[in-house]
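Number of protein chains: 2
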Amino acid sequence: MAGEAASTLGLSMAVLAESPTDAACDVAAEVIVGSPHVEGALRSLAERCDVVTFDHELVDLSLITLLASEGVRIHPGADTLALAVDKVHMRAVFVGAGIPVPAHAVLDLAHLDQSGMEDVLTSFGREHGWPLVLKAARGGYDGKGVWPADDLAQARAVLAPLTGHVLVEEHVEIEAEVAVMVARRPSGETVSWPAVETAQVGGVCREVLVPGRLPAAVVEEAAELGRHVADLAGAAGVMAVELFLTSEGLMVNEIATRPHNSGHWTIEGAITSQFENHLRAVLDLPLGATRPSHPQVASVNVFGGASGADPAGLLPHGLAIEGAHVHLYGKGARPGRKLGHVTVCGGDPEDVRARAWKAALALGSPRPDALSLPDGVA
Amino acid sequence: MAGEAASTLGLSMAVLAESPTDAACDVAAEVIVGSPHVEGALRSLAERCDVVTFDHELVDLSLITLLASEGVRIHPGADTLALAVDKVHMRAVFVGAGIPVPAHAVLDLAHLDQSGMEDVLTSFGREHGWPLVLKAARGGYDGKGVWPADDLAQARAVLAPLTGHVLVEEHVEIEAEVAVMVARRPSGETVSWPAVETAQVGGVCREVLVPGRLPAAVVEEAAELGRHVADLAGAAGVMAVELFLTSEGLMVNEIATRPHNSGHWTIEGAITSQFENHLRAVLDLPLGATRPSHPQVASVNVFGGASGADPAGLLPHGLAIEGAHVHLYGKGARPGRKLGHVTVCGGDPEDVRARAWKAALALGSPRPDALSLPDGVA
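Residue numbers (the working numbering), protein chains in the order written: chain A, 547 to 924; chain B, 547 to 924.
No lab work stands behind these hints: they were computed from the structure. Treat the numbers as computed from the prediction; the structure is a model and nothing was measured. One should not assume that every hint holds.
Reference listing, derived: stretches of chain B covered by chain A, where coverage requires no fewer than 3 residues with Cβ under 8 Å from a Cβ of chain A [what the hints assert, rightly or not]:
(1) 572-579
(2) 630-636
(3) 754-768
(4) 835-846
(5) 849-863
Taking CB as the label site, the calculated pair distances span [to be verified]:
(6) A/A762 x B/R880: 48 to 58 Å
(7) A/G617 x B/V923: 52 to 62 Å
(8) B/G882 x A/D921: 53 to 63 Å
(9) A/R837 x B/P646: 51 to 61 Å
Cβ coordinates follow ideal geometry from the N, Cα and C atoms, glycine included.
Given the sequences, and given the hints that come with them, work out the whole structure.
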């Protein structure tokens, strides 16, 4: 999707891809096959580019730092990426800046013996109650690296195979999950899109509603928090800030320092998409307007169904839904894999949500049991 | 732009390009370098594709017919393309179907001697008045292949180097130039976008206004004419029908059997763009909604300025205009070459037109003397 935005602006994109069959290769002017963890591959990319950016955070910060020190323009930079790469670091920085986050403790598994670890868990559980949530500091995404634990025995079992740092976090009673996308230029100009309501099942985003059921005051507060986080992170590019709405207000859960699933709706639903503003931001070009182009937008993810059928074969069904903007990512179909999304814009929240779901299901995406779907969605 | 739409739908696009530096190559999964007039090159493309389509009409109809006879899916087909390739054929078919076109006669230069030619011109001039307009039956685009002639001497000079068929046409007093984009599936489903007002300078489109100053009745009549033409042409894909609005109503001037400049506004200004509906149509997939997403849309072309500066270097200025959707085509900058366009959507016709022009001029596009620009455009 970033490649589509690059093409629009007449920018030429080179990608560093793990495999020549990666979907991004189809819209790249140049493809370098290699790993971002290999210095030679990253250098190869940097030599071809005016600016290097990312579509995930699974990067090697020391390599980024090294290249940046040699004058390579890399946005976001290592300091910003570090916040997204390491949840323990992120929580510490946010607490220091007065940004609300869930109550948490840190387990340093390399330096704690079994009883030390159990002391932390027991004392945290006493203060904040069980169940609690364990999160690997690094490497998690889409619900991976996050484990609820009902009691000490479960926590012990989760931790047994882990190394490094692990966050111990309170189980937050959530009224809604909220996300806000922010775009920030290296020179500091910052804009945000309206906050959205997201629905997650098993830690994976299923739908994004704009503005969903969110009260205007929450939308406003989320935007302020988002811009605060982006400034604090020294973001360059777009950034997703995922928030929990609780009875006590908003708190920051996760961040992503790149275009994000919760911002896919902006392609058709806002004047400027997150992808175009990401490119504008990393190139330090003026940012585009972020206001929605429609009063209501719903975006629903398309996952591989149990049959393993490719949604591309179901396009006649998905495209038959009026106003459905179908995005397929060209990835190989596997049950449960995120293969695309559908966005519908309009005036009525139930109507746009229903049409987006109809199209996603028509494309073979499985019906999520844990989510109540709109009336009339078969 | 078709490549961007293909990527969105998860379709893989192969292009047959004259040069590996053609802009379309950057967003194509596969590039075949060659000419569409060379059988081997076209076969090479066809072998890789489920369906073959075009972004211009400068094709070899006999090759298309040959491949189609062997079962290659080519949309639009040779019969449709023939109308766009040959203006004499197009006029004859339209006259036969009762579609209003300018009064015209045909000069067959291979079979007319000088006095026969002058007889036709003199008698046409007597009936319809001078000046008249001469148009090469084949090969013209963007004002090329069209010559006004004030008198017999000028007409003689124009015709001297020409061969083949030439249209002799009345000079039409135009109240407005109108275009309508239609999308049609091979199975017959047809949709049209709202008709637009275009402004041409020297036969080249400078701006597209939606709906511009066009009365609702004209917009409606243009859509009907457009659908009639698309049905008559057996179109598969999108089609542009360019019309003259005269004191006596609408008449068809030109057609293009592909995505067209007068439909670029649909990328941001309509629910489904001409490019996505072109792909849907040639794949015989359900067509997307064509209603505008904003009450007013203005799209202004960006041409190379006298300095030969690349508009890419002026992006900071163009993108600074609020709401400006900048499209650069990645083509080498040359004075007068069409290098991109800018679309602005909104509620006020003067406002969107002014912003689109501001951005186009900021990108280095020259100010057209023959067009009155909105107030406040520097």
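If you check each hint against the structure, which ones fail?
The structure breaks hints 2, 3, 7 and 9; every other hint is satisfied.
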